[in-house]
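Peer 1: Protein chains in written order, with my numbering: chain A, 190 to 558; chain B, 1168 to 2638.
Possibly wrong hints are sitting among the right ones.
Listing some non-contacts, in silico: residues in chain B with all C-beta distances to chain A over 10 Å [stated by the list, open to error]:
| id | residue |
| --- | --- |
| 1 | V1249 |
| 2 | G1479 |
| 3 | Y1579 |
| 4 | A1895 |
| 5 | T1911 |
| 6 | E1968 |
| 7 | R2006 |
| 8 | V2248 |
| 9 | N2294 |
| 10 | D2331 |
| 11 | L2378 |
| 12 | C2427 |
| 13 | R2440 |
In silico EDC-like links for lysine to aspartate or glutamate, alpha-carbon gap of 16 Å or less [what the hints assert, rightly or not]:
| id | chain 1 | residue 1 | chain 2 | residue 2 |
| --- | --- | --- | --- | --- |
| 14 | A | K219 | B | D1534 |
| 15 | B | K1191 | B | D1265 |
| 16 | A | K397 | A | D416 |
| 17 | B | K1196 | B | D1258 |
| 18 | B | K1205 | B | D1258 |
| 19 | B | K1365 | B | E1209 |
| 20 | A | K491 | A | D273 |
| 21 | A | K518 | A | D360 |
| 22 | A | K219 | B | D1527 |
| 23 | B | K1389 | B | E1364 |
| 24 | B | K1253 | B | E1209 |
| 25 | B | K1193 | B | E1267 |
| 26 | A | K219 | B | D1525 |
| 27 | B | K2148 | B | D2121 |
| 28 | B | K1468 | A | D385 |
| 29 | B | K1191 | B | E1267 |
| 30 | B | K1193 | B | E1290 |
| 31 | B | K1196 | B | E1209 |
| 32 | B | K1196 | B | E1237 |
| 33 | A | K219 | B | E1209 |
| 34 | A | K518 | B | D2327 |
| 35 | B | K1253 | B | D1272 |
| 36 | A | K351 | B | E1478 |
| 37 | A | K406 | A | D441 |
| 38 | B | K1205 | B | D1254 |
| 39 | A | K226 | B | D1525 |
| 40 | A | K219 | B | E1532 |
Hints in this document: simulated from the structure, not taken from any laboratory. Model, not experiment: these values are computed from the prediction. Even for Gly, the Cβ is constructed at its ideal location relative to N, Cα and C.
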Amino acid sequence: MASGYSAKEEDGHHSGALGPAGGAAVRSRKPDNTAFKQQRLPAWQPILTAGTVLPAFFIIGLLFIPIGIGLYVTSNNIRELQIDYTGTESSSPCFACSQNYSWNMTTPCVCSVSFSLDQPFESNVFMYYGLSNFYQNHRRYVKSRDDSQLNGNLNSLKEPSKECEPYRTNDGKPIAPCGAIANSLFNDTLALYYNDPNGTETQIQLVKRGIAWWTDKHVKFRNPVGDDSNLTAIFQGTAKPVNWQKPVYELDSDPENNGFINEDLIVWMRTAALPTFRKLYRIIEKNSSTSPTLPRGNYTLKITYNYPVRSFEGRKRMILSTISWMGGKNPFLGIAYITVGSICFFLGVVLLIIHHKYGSRSSSADLTH
Amino acid sequence: RRGEERRGEGGAVAGRERHYADNKIKTTKYTLLSFLPKNLFEQFHRFANVYFVFIALLNFVPALSAFQPELSLAPVLFILSVTAIKDLWEDYRRHRSDKEINHMDCLVYSRAQRGYVEKYWKEVRVGDFIRLRCNEILPADVLLLSSSDPDHLCHIETATLDGETNLKQRQVVRSFIDLVSDCEFDPLKYSSIIECEKPNNDLNRFRGYIIHRSGRRDGLYKENLLLRGCTIRNTEEAVGIVIYAGHETKAMLNNNGPRYKRSKLERQMNVDVFWCVVILLVMCLFSAIGHGLWLFQYGDKRPIFDVLSPEGTDLSPALSAIYLFLTMVIVFQVLIPISLFVSIEIVKICQVYIIHQDVDLYDEETDSHLQCRALNITEDLGQMQYIFSDKTGTLTENKMVFRRCTVAGVEYSHDANARRLAMYQELDSEEEECTSHGGTLPRRDSGASHQSGRVVLRSHSTKSHRRTGSRAEAKRASILSKHTAFSSPMEKDITPDPQLLDKVNECSSQLEYMRYHRQPLSQLPSELSDVLDFFIALTICNTVVVSSPNQPRQKVRMRFELKSPVKTIEDFIKRFTPSRLTSGSNSSSSSSLATSRSVPRASSSLLPSPSADGTLVRLQEEHTADAPEGILRPSVLDTGGATGPPEEGELRYEAESPDEAALVYAARAYKCALAGRLPDQVTVELPHLGKLAFELLHTLGFDSTRKRMSVVVRHPLTDQITVYTKGADSVIMDLIGPPAADDTKGKRQRKILYKTQNYLNQYAADGLRTLCIAKKVLSKEDYEIWLKSHLAAETAIHGREELLFESALRLETNLHLLGATGIEDRLQDGVPETIASLRKAGLQIWVLTGDKQETAINIAYACKLLDPEEEIITLNADSQEACAVLLEESLHYIQSKFLCNTPEPSNRAFEDDFTAFHAPGLPSPASTPFLIHQLGLVIDGKTLAYALEKSLEDRFLAVARSCRSVLCCRSTPLQKSMVVKLVRNKLKVMTLAIGDGANDVSMIQVADVGVGISGQEGMQAVMASDFALPRFQYLQKLLLVHGHWCYSRLANMILYFFYKNAMIVALIFWYQFYCGFSGSVMIDQWFLIFFNLMFSAFPQLITGTLDKDVSAETLQDLPQLYMNGQNSEEYKPYMFWMNMIDAFFQSLVCFFIPYFAYADSDVDLFTWGTPITSLALFTILLHLGIETKTWTWLNWASIAFSIGLFFSVALCYHSSCPTCFSPSNPYWTMQRLLGDPLFYLICVITPVSALLPRYFYRACQGSLFPSAVQVGRQLDKSPPEARRSILSQSKASLGGPFSVRPAHYPFPGVFYNHSAEGHVSCRRKDSVKCSTQNVTEKGAGGNRSPGRDILDTKQGSSSQRGPTPSEAGTLPYSNPDSSAPSGPEDHLHTDPLLDPSNWAEPAVPFAQPECVPLTDSPPASTLLRPTGVERGGPQSCVPQRLGLKEGGTPRHNQVHNEDTSKESSYQTTLL
């Protein structure tokens, strides 16, 4: 799409040469005859008409439809299972547990949900818990945290940020971790059992490490480092968040997954974008290459039901899913590509018709019509 | 008026002038300390800034805060600091120049040292005596006390004040002339008190007294005051006392900064900014209510994510909602385009720079550019609808060329001179073609064959230096000698008329004869004496200053007598007593002694002086040696006496107005040369008589009310007191005294009067400026009586101007007519083409001129403003009632004539309801009942005054609007501005006023855009203007190209800004539905804040500065494209809303594609928000890409830069600090996203689908209903041949995309000729009232046509038309709009003469500029001959057919065209 300005450039030089010969003696105020100053920069001047944009539409159409099909197929190959265990209906196993509003129950309420898999889950299975209607993106909620406390800053540990109010101190002691996000940590415990056809229940190994971002685990979140390596000692003088049953240093027995670097905490602290979200809970790793990670059959999900959602009409789900290169199961993008591609193709056809009908009376006809 | 006392007693008395400003100037606004508070204070006067600071402060309230409070200050601080830096820079520059000025040196008298010492300007105090030397600049306003000039004069150049380069004379305070006439002025002896008025900014007024110790009081006038900033010239030394210093000087008080105008586009934009505020508030309210409801649904059951207030208390839904409202105001603040204001300023500065740099707007002859004086209304240039133009100096060159004259009733046509002038034109065109000018000289010589030897000689002598005569060369030469105004060879070399030359020679020989026979001058035949007086009057009745070129700016000293003008009665008595000669010569300088004693006296009946030796004998002594050959008898003697008068013909005349110079040069051609001018004396060199000194008693300067000037001199030949008056013919003719009772003489006088009037009419019809020359001889007694009152008037303090005016009126009566002159004011290059092109662009052009009607009309014809085909309505009325009737008549006439063509019922209504047409806004052309007809309106100043009355202005506008061209003659500056104001306010149109003189200043200031021509007539117009052009011609490119570009660039940029901000804000708004309307933002606050300032700022600036929708060539070839801006087609109100809707659509796409793509996933807030930000950026940039018409490498670079900047900033930002930037804390987000295929997939599909509708719409629009601009763009791309044929065809097209305003049919004449017959005649009411409403122009004395009323003129013009003039004249123009666009095609088919090749013919004149000479336009000259007078009455409405039409210009053009190929016509249109 080159421009045809060369002739005009010549014109410019020509007129420049006509200038006063004595220009050297008296500095003329004549403007420089440069392409920029005279606005003659070489330029591409696209004109949008049916004829010119036609190829673009067809190209987009032809590119998008295959991509969309590919995405759709990929998404469809992902296995996913969702189990809602909120227990709002009286018939559901967790109904009794769900009636509880309170956070601090002395006796844990356990319920179990049975389900069956029709098809085996072949590769690594990711276990999520899903919450609905939970506005983790609420403006004041999102702000209610102290990143430097979570990063192991001792000052912040004792003196948490004001953003944490009103979950900053409890009984005069600073809360660790402070803020509303930490305070509302999801505290249901999920356990998965495979019901062998022979009747035995085998608990499925759930990996609790590696569910958080690597940078979060290793850079953003750090336990405070004190004189002694004992977390209990370091967190001495802090209070546990109001809604927690255990203090932060008792979240896990594994010292690499305890305190602020507990991955469940880290995952929770990454506030979800939308009110319906899922968060990675555990990973079920594929053990052998021969057998599927989760074979067909019946399973039982045992839930230690702690997390009240009735106050906000929330739902709780357990999701088992395999993932592909493009993440979890989501057919939307495939459909979107196919749709947009088809629309482009269709519009391309429309433009082709327009071009054939009206394009012939192109510029010259336009001027005289 | 309260005066102010200014004592001057030398610098010693410091304490007493404490209350006067010192001379240190400080134009800076700030000091180091005050800069910050003061600048901020000023910036907060802008409402927008206050608003943004308010928002930033809101953010500091914890309950509301949406962003980090510090961060939210960033944009405000950015905007404020950009402005502050700009202000600081400007202030620093001012400071530097102040410092420079303050430290200039000048000589100040010091009492301590009893002498003048050098001091800095800033140390000068009021009351100091300063000594000024030649070429020094005045440090303060100084009262002139002494001058080394023997005449007690001081010449100053006021170029820095008003740009006028001619010298002005200033005089020493009168009492000091007597006081220190001989010796040096001694400040120690000074002991007077000066009382003067308070400092004011009126450059032309200064009043005060000087009170001497003796108690004597003397008036002080502006002639005594030297103003700061002027340069002393021609005076070796002057001493003065400082009156006003520093900031109290008139120059400083006049120094007001640039005006701030608000462009139409900006006004429109502000409306939409207001709508943005409304949208913002609606969105905030919606969110607040939503939040309240959302909270309300939870009732008492507090969800855990609803965080309690910091105090741990619960917020009620209502209170939360109120808080949230304010929070949302902060969050959505981007919707109010904070950076838009800054961006617009930046873009406008760039645009101004680019316009300034345009080489096409550079005038080589004067080495001047276009100047943009107003920085913020560039886009208004693209939206003009009405142009109000001055005539003289704007359309014409203001180069006055003497053309012909009539003396004593005999006309001297100066044919040779006319031929000479014609040759300049030929030379001009020749010069363009070939550089070798071998052919020029012979031709020139042949043209000048019978000229006197001098002219031929001259042409040879100049040949070596410059190509003779060509106009461009002449101008170039005049640049070289820049100091002399109005002196190109064309103006200087006047070829005398042989007949008149004979008379002059006869006259001189008679004088010669009489001299020997000692006959009194009165015996000279009256015709010859008239000739003599005529030339004397031409020579001396002016204010021309003579200087010699060898010593530029050195006054030619040629003194015969030293005497100041008569100032007192004693003076008068002293001078007019018999002893006068001896006493008078006392003070004469040695060099002039010889001649001063020999002041010749021809016999004088009135003053029987004892020095009756005043015969002509002695005159012989005064012959100059270098008197030209060709005069009957070579000179005998030359006593010279004068200090080296240079050889004849080399004197330079510096005139304040060019016509004065023209007359002086004309007189010189007849050997009656002005040799020197002093305030009290004019020296004239006459053939055979040598140098004559006229004692100049009074000069009654020109003013626009009197329209004449007079000089009172003592005639050296007769010793009579003679008044020479020169002025506009209308006034002079009224002042001519009644013919003597004596039969033969009276008869002759009557005859002369009659003849002169006829010739005057003829001159005017030829487009010449006419001046009448008259004289009057005063008896001594009469003079004494008059002098008394005049002196009283001169010394009066109060109302001096009025008294002087009356005094002049008393003197200028009973004049004796000598003759009249016709001066041609030549049209500027390319004026007709420019006007034609501007008119095709849909601009209404009105010419407002002070000239008389006939001259104006003829210039209007010459520059194609009026068309010979056009009917002309002339409005000349005597009274308010007559004016009302006339307007009514015209309305009826227009209505009845054009009614059938405008079927809209509203047309019928407008007569009853005049308010109908000032409905707000300009109605779209299709709906307006006021089609512009083929009518011209001519109105004179007096009628204009009536028409501008409140009661009539609506009717006047109704008439004027329907006319294609309007010509207001004889209008005063005030009327000019009133007309502009009226049109601007009532019609709500954009007006442009263009002019060059001081009389255009008010008009220029009133108009939306004022354009000054930086020509010769001073700089006042330029100073008042927004743009200053070197030539009228450049208006075409300025408006059609730059105006169009600036407008479309800015309009598109503003729309884009609104879109961009709305799109970002809408993204956040949609999110509110998914975060409980809590004011949460998924776009990182840093990105959000800097999105406008950094990431998306550059591409739009580049596009806003450089985008060209259509190339300059096409814009000029197709002026119709300008209507795009006139009709505001780039930015209509609905476009704002369309953009808003598009923005909301695009944001929906940009929001929901990521929404669904990430629905129910483990994505966190900012990992989800960052892709949205990125794809919003892509979408916004691609959107700009669709709207960009011209892609240069700068566009590509800026887009690449924007994207690069975003990602690099994001990557840095996201890896910099793991714990900072609460709450988003986006550590490593972008890095993770870049590894996520989903991110890329979204980034591809979202912009594509978001922009799909717009892209598709643009493509369809381009194919199905392309706008004129788009067609123009296609034309740009088409190959040259296609382009050529299209262009030539487009001239024929009517209903096509260009004829937005169908009434503007560009080539009426031809079209009408061939197509009119084909149309069904419309039922014209033939009974146009033709009542003989003879409303004659008052003051049209003598035998001027009495019946030049409206109907006659109508008749006169219609008589040139075809058989059915009125129907035919209108149909073609109204047809296209009522019929389908296929109309013109019909024409094309039905009429073979409308073949496109014929349509190129109007381009022919382009090829030969000025091929239609002023005088040779037959329709023009016939039109005004009062043919209707004889017929008169109703029957004059019967259409008359004149043969003229057939042989007229159009046919001629056609013939011409047949041998002009398409090729050449194409090329010429490109010019």
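Peer 1: Now tell me, hint by hint, if it's right for this structure.
Peer 2: Right, here's what the structure says about each hint:
1. For V1249(B), the shortest C-beta to C-beta distance to chain A comes to about 24 Å, beyond the 10 Å cut-off, and the non-interface label holds.
2. Against chain A, the non-interface label of G1479(B) is violated: not every CB pair exceeds 10 Å, the least being about 4 Å.
3. At the 10 Å boundary, the C-beta of Y1579(B) stays outside the reach of chain A, the nearest C-beta of that chain being 39 Å off.
4. Look at A1895(B): its CB is around 38 Å from the nearest CB on chain A, clear of 10 Å, so calling it non-interface holds up.
5. Taking the minimum C-beta to C-beta distance to chain A, about 62 Å, the non-interface status of T1911(B) holds against the 10 Å cut.
6. No beta-carbon of chain A is positioned within 10 Å of the beta-carbon of E1968(B); the least distance is around 40 Å.
7. The claim that R2006(B) is not at the interface with chain A holds, since no C-beta of that chain comes within 10 Å of its own (minimum 20 Å).
8. Distance check for V2248(B) against chain A: the nearest CB is about 8 Å away, which does not clear 10 Å, and the non-interface claim fails.
9. The claim that N2294(B) lies off the interface holds: its Cβ sits roughly 19 Å from the closest Cβ of chain A, which is beyond the 10 Å cut-off.
10. Consistency note on D2331(B): stated as away from chain A, yet its beta-carbon is not over 10 Å from all of that chain's, at 4 Å minimum.
11. Its beta-carbon lying about 14 Å from the closest one in chain A, L2378(B) satisfies the requirement of being farther than 10 Å from that chain.
12. Against the 10 Å criterion, C2427(B) falls within the reach of chain A, whose nearest CB is about 7 Å from its own CB.
13. In this structure R2440(B) is not separated from chain A by more than 10 Å, as the shortest Cβ-Cβ distance comes to only about 6 Å.
14. With a C-alpha separation of about 7 Å, the suggested pairing of K219(A) with D1534(B) holds against the 16 Å cut-off.
15. Of the pairs offered as hints, the one joining K1191(B) and D1265(B) holds, with about 8 Å between alpha carbons and a cut-off of 16 Å not exceeded.
16. Straight-line distance between C-alpha atoms of K397(A) and D416(A) comes to about 28 Å, which puts the hinted pair past the 16 Å bound.
17. Note on K1196(B) and D1258(B): the hinted pairing holds, with a Cα-Cα distance of about 7 Å set against a maximum of 16 Å.
18. Between K1205(B) and D1258(B) the CA atoms are separated by roughly 12 Å; this keeps the pair inside 16 Å, and the hint holds.
19. With a C-alpha separation of about 30 Å, the suggested pairing of K1365(B) with E1209(B) is violated against the 16 Å cut-off.
20. Distance restraint check for K491(A) and D273(A): the Cα-Cα separation of roughly 13 Å lies within the 16 Å cut-off, and the hinted pair is therefore satisfied.
21. A hinted pair counts as satisfied when its Cα atoms are at most 16 Å apart, and K518(A) with D360(A) does not qualify at roughly 46 Å.
22. Restraint check for K219(A) and D1527(B): satisfied, since their Cα atoms lie roughly 10 Å apart, inside the 16 Å limit.
23. Only pairs whose Cα atoms come within 16 Å are accepted, and K1389(B) paired with E1364(B) is accepted, the gap being roughly 12 Å.
24. At most 16 Å may separate the alpha-carbon atoms for a hinted pair to count; K1253(B) and E1209(B) meet this at roughly 13 Å.
25. Between K1193(B) and E1267(B) the alpha-carbon distance is near 11 Å, which keeps this suggested pair within the 16 Å criterion.
26. At most 16 Å may separate the alpha-carbon atoms for a hinted pair to count; K219(A) and D1525(B) meet this at roughly 9 Å.
27. The hinted pair formed by K2148(B) and D2121(B) meets the criterion: a straight-line CA distance of about 13 Å does not exceed 16 Å.
28. Between the alpha carbons of K1468(B) and D385(A) the distance comes to roughly 43 Å, so the proposed pair goes past 16 Å and is violated.
29. Restraint check for K1191(B) and E1267(B): the C-alpha separation of about 11 Å stays at or below 16 Å, so the hint holds.
30. Note on K1193(B) and E1290(B): the hinted pairing holds, with a Cα-Cα distance of about 13 Å set against a maximum of 16 Å.
31. With a C-alpha separation of about 11 Å, the suggested pairing of K1196(B) with E1209(B) holds against the 16 Å cut-off.
32. Annotation: proposed proximity of K1196(B) to E1237(B) is violated, straight-line Cα distance about 30 Å (limit 16 Å).
33. Distance hint between K219(A) and E1209(B) is unfulfilled; the C-alpha atoms sit about 38 Å from each other, more than 16 Å.
34. Among the hinted pairs, K518(A) with D2327(B) is consistent with the structure: their alpha-carbon atoms are about 10 Å apart, no more than 16 Å.
35. Of the supplied pair hints, the one linking K1253(B) and D1272(B) is violated, its CA atoms being roughly 31 Å apart against a limit of 16 Å.
36. A hinted pair counts as satisfied when its Cα atoms are at most 16 Å apart, and K351(A) with E1478(B) qualifies at roughly 11 Å.
37. For the hint pairing K406(A) with D441(A), the CA-to-CA distance comes to about 15 Å; that is within 16 Å, so the pair holds.
38. Restraint check for K1205(B) and D1254(B): satisfied, since their Cα atoms lie roughly 11 Å apart, inside the 16 Å limit.
39. A distance of roughly 7 Å separates the Cα atoms of K226(A) and D1525(B); the hinted pair therefore holds under the 16 Å criterion.
40. As the CA atoms of K219(A) and E1532(B) are separated by approximately 11 Å, the hinted pair is consistent with the 16 Å bound.
Of the hints listed earlier, those the structure fails to meet are numbers 2, 8, 10, 12, 13, 16, 19, 21, 28, 32, 33, 35, in rising order.
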